[in-house]
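Peer 1: Respectively, the protein sequence lines represent chains A and B. Just so it is clear: in the first sequence, position 194 is 194 by our numbering, and no numbers are missing. Just so it is clear: in the second sequence, position 313 is 654 by our numbering, and no numbers are missing.
Treat the hints with caution; some may be incorrect.
Unchecked claim - Cut-off 20 Å, straight-line C-alpha distance, at most; resulting in silico cross-link-like pairs (EDC-like, lysine to aspartate or glutamate):
(1) Lys482(B) with Glu57(A)
(2) Lys474(B) with Glu200(A)
(3) Lys520(B) with Glu648(B)
(4) Lys520(B) with Asp645(B)
(5) Lys421(B) with Glu514(B)
(6) Lys624(B) with Glu586(B)
(7) Lys474(B) with Glu57(A)
(8) Lys482(B) with Asp458(B)
(9) Lys474(B) with Asp388(B)
Source of the hints: derived by calculation from the structure; they are not laboratory data.
Here are the chains, one letter per residue:
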Amino acid sequence: MHITQRPYLLNLSLLALAVVLSIAVGAVFVPPTTLVHMFLGRLPGLAGLGSWPGTFETIIFRIRLPHTALVLLSGAALAGSGAAYQGLFRNPLADPYLIGVASGAGLGAVVAMSVKWPESLLGFYTVPAAAFAGALITVVLVYMLSRSAGSAPTTMLILAGVAASSFATALSSFLLLRSQGELRRALAWLLGGSTVNGWEPVLAALPYVLLGLGVLLVSGHALNVLQFGDEQAQQLGLPVERTRTLLVVAASLATAAAVSFSGVIGFIGLIVPHLMRLVWGVDYRRLVPLSILGGASALLLADLLARMVIAPQELPVGVITALAGAPFFLWVLRRAQKTGS
Amino acid sequence: MIAHKKRLALLSVLVLAVFTWVACSPAGSNPEAAPATAVEQPIELIDGLGRTVVLEAPAQRVVSLAPSNTEILYAFGAGKQVVGRDDFSDYPTQAQDLPTIGGSFGDYNLEAIVDLDPDLVLASELNTPEQVKALEDLGLKVYLLSNPEQLEGMYQNLITVAQLTGHDQEAAELVDALKARVAAVDERLAGVSERPLVFYEIDSTDPNAPYTAGAGTFINRLIERAEGENLGLVMDVPYGQISLEELVVQDPDIILLGDSVWGGVTVEDVQQRSGWQDLSAVKEERVYPFDDNLVSRPGPRLVDGLEALADLLHPQAGE
Numbered sequence: 001m002h003i004t005q006r007p008y009l010l011n012l013s014l015l016a017l018a019v020v021l022s023i024a025v026g027a028v029f030v031p032p033t034t035l036v037h038m039f040l041g042r043l044p045g046l047a048g049l050g051s052w053p054g055t056f057e058t059i060i061f062r063i064r065l066p067h068t069a070l071v072l073l074s075g076a077a078l079a080g081s082g083a084a085y086q087g088l089f090r091n092p093l094a095d096p097y098l099i100g101v102a103s104g105a106g107l108g109a110v111v112a113m114s115v116k117w118p119e120s121l122l123g124f125y126t127v128p129a130a131a132f133a134g135a136l137i138t139v140v141l142v143y144m145l146s147r148s149a150g151s152a153p154t155t156m157l158i159l160a161g162v163a164a165s166s167f168a169t170a171l172s173s174f175l176l177l178r179s180q181g182e183l184r185r186a187l188a189w190l191l192g193g194s195t196v197n198g199w200e201p202v203l204a205a206l207p208y209v210l211l212g213l214g215v216l217l218v219s220g221h222a223l224n225v226l227q228f229g230d231e232q233a234q235q236l237g238l239p240v241e242r243t244r245t246l247l248v249v250a251a252s253l254a255t256a257a258a259v260s261f262s263g264v265i266g267f268i269g270l271i272v273p274h275l276m277r278l279v280w281g282v283d284y285r286r287l288v289p290l291s292i293l294g295g296a297s298a299l300l301l302a303d304l305l306a307r308m309v310i311a312p313q314e315l316p317v318g319v320i321t322a323l324a325g326a327p328f329f330l331w332v333l334r335r336a337q338k339t340g341s
Numbered sequence: 342m343i344a345h346k347k348r349l350a351l352l353s354v355l356v357l358a359v360f361t362w363v364a365c366s367p368a369g370s371n372p373e374a375a376p377a378t379a380v381e382q383p384i385e386l387i388d389g390l391g392r393t394v395v396l397e398a399p400a401q402r403v404v405s406l407a408p409s410n411t412e413i414l415y416a417f418g419a420g421k422q423v424v425g426r427d428d429f430s431d432y433p434t435q436a437q438d439l440p441t442i443g444g445s446f447g448d449y450n451l452e453a454i455v456d457l458d459p460d461l462v463l464a465s466e467l468n469t470p471e472q473v474k475a476l477e478d479l480g481l482k483v484y485l486l487s488n489p490e491q492l493e494g495m496y497q498n499l500i501t502v503a504q505l506t507g508h509d510q511e512a513a514e515l516v517d518a519l520k521a522r523v524a525a526v527d528e529r530l531a532g533v534s535e536r537p538l539v540f541y542e543i544d545s546t547d548p549n550a551p552y553t554a555g556a557g558t559f560i561n562r563l564i565e566r567a568e569g570e571n572l573g574l575v576m577d578v579p580y581g582q583i584s585l586e587e588l589v590v591q592d593p594d595i596i597l598l599g600d601s602v603w604g605g606v607t608v609e610d611v612q613q614r615s616g617w618q619d620l621s622a623v624k625e626e627r628v629y630p631f632d633d634n635l636v637s638r639p640g641p642r643l644v645d646g647l648e649a650l651a652d653l654l655h656p657q658a659g660e
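Please model the entire structure based on the sequences and the hints provided.
Peer 2: Okay, structure coming up:
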């Protein structure tokens, strides 16, 4: 199959635009020329272009830039994992939370807050670390449960995931209802996620997102083969069992890292891969990278809206991804139908 | 098969270990190196998180992150030094003209706070330690004012904030005046023999299980100080729901509608609720709207709240 450059160029330009907008737009207005000067001033030999208040330095380089980076990583992780899961499970409804990452992370975070974990242990990373652990433990449990059942592993994986998710969610709700003072922190995490700001969360999430997405990026061919069904794939020489484990681990790693710091953001992981599939076709060698790029752009734009709609307050970005994402997706579906027929 | 499981378990342990390592790596450089040449005596106070906060001089640009903090600042004349407030700070009315920095989802707009260039951010227990750290990481001075347990603690909070803003004298006078008003209430109620049973309604979204306040809350303390008995004490939690059945069994003498201001609940609403008509307080028309802000914000208006409660619970006392 001939792979053209066009979809990549288009998606990269969209991502670049989203990044620029995300850095340029915020609660505090920074004039575009000042912004350009601020970035140029960071380059060697170009310092001293214009002047600006010191608060701008903090706002751009210590608030907006790391925030943009974290949103970009989260969007990429969610959409990339979503694409992989849809291929792995051969299920159009699969999203990165299908086998319990989100509810596991939620449970981890709520447990960490309700037992008043010794703060000194991990300091301000207690909650994200517990969320990360909760997500991975849930996925490992779900995986082992489905394996022990024997036949039809993908179906078992989905069923075990649904059961584990419900259980974890119920447990979180119970803990939340029992808690008193910590409830607010838990809610803040569940709604908005990032309880820590700056570059540290970006650096903490980066290795897992890179590792996870890296594996998914080279698994395009395997995902293509898996579309023929497990038995066919096995006959075609693909070690199905091992591939599945690898894909689940990679997608879970990336998703867990994103969820730990950004909270549970719905819809991106479901819609973006479908969009890319509608426009650029079903070849996973292309679908995974395009979903990663598209997911990053989509979440950046949604985050931008979330920050602008009721500024200076911020809406949880998940509200925007669902509110704007669902109608947009329906519109694309209708259009695809019309042009297709 | 088993080897597989082991490998998976090993992998997750490894991943967690790496995560922990990354999370624990040092948190960047600490930009605070105080200059040795301070002209004035620096202000050094320990805040609600046990952190030592040092100000070289009284704060002149304060951002308040809680309604109680805003009310405290304005109470002794530091209002002019306040440059920003959270969404819920609506008292005194001058405070509403200040730019807001968010807070309605428990989320504050860091950009807006930094843009105001404050020399002090006054946080409260509404704020999480993570939020305090986020602000500190941006190079801001943050003082977290802890919730007082008693009126005495509220006075101490007034004095503390006055020290941070350079209003020690005015605050001392304010505290004396507040204490005198509390003493006047105590004196007026000294001869009271009957303590009415009070049900304080915080939220009646579910009229079959309204929320109320129990032990450890200012609502409870002030009702008791106003010579009333708080029905909410039957709960073992500070805030919780109480069943309508329990309410009927206890049969309060007085019902206070703490949700009248924010929720628009009226006395008529209560009369319409099914099952509530048989309560003595409803039959005898001893249901009163009450401004919840007077008893839920740990600031100087707690004394207004106490006076209002005393008037409602014992209208005839001391006349």
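Peer 1: For every hint, state whether the structure bears it out.
Peer 2: Outcome of the hint check:
1. Lys482(B) with Glu57(A): It holds: about 17 Å lies between the C-alpha atoms, which stays within 20 Å.
2. Lys474(B) with Glu200(A): holds, 12 Å
3. Lys520(B) with Glu648(B): holds, 12 Å
4. Lys520(B) with Asp645(B): holds, 12 Å
5. Lys421(B) with Glu514(B): Roughly 19 Å between the alpha carbons, so the hint for Lys421(B) and Glu514(B) holds.
6. Lys624(B) with Glu586(B): holds, 17 Å
7. Lys474(B) with Glu57(A): holds, 19 Å
8. Lys482(B) with Asp458(B): This hinted pair holds, its Cα atoms lying about 11 Å apart.
9. Lys474(B) with Asp388(B): With Cα atoms ~13 Å apart, Lys474(B) and Asp388(B) stay inside 20 Å; holds.
No hint from the list above goes unmet by this structure.
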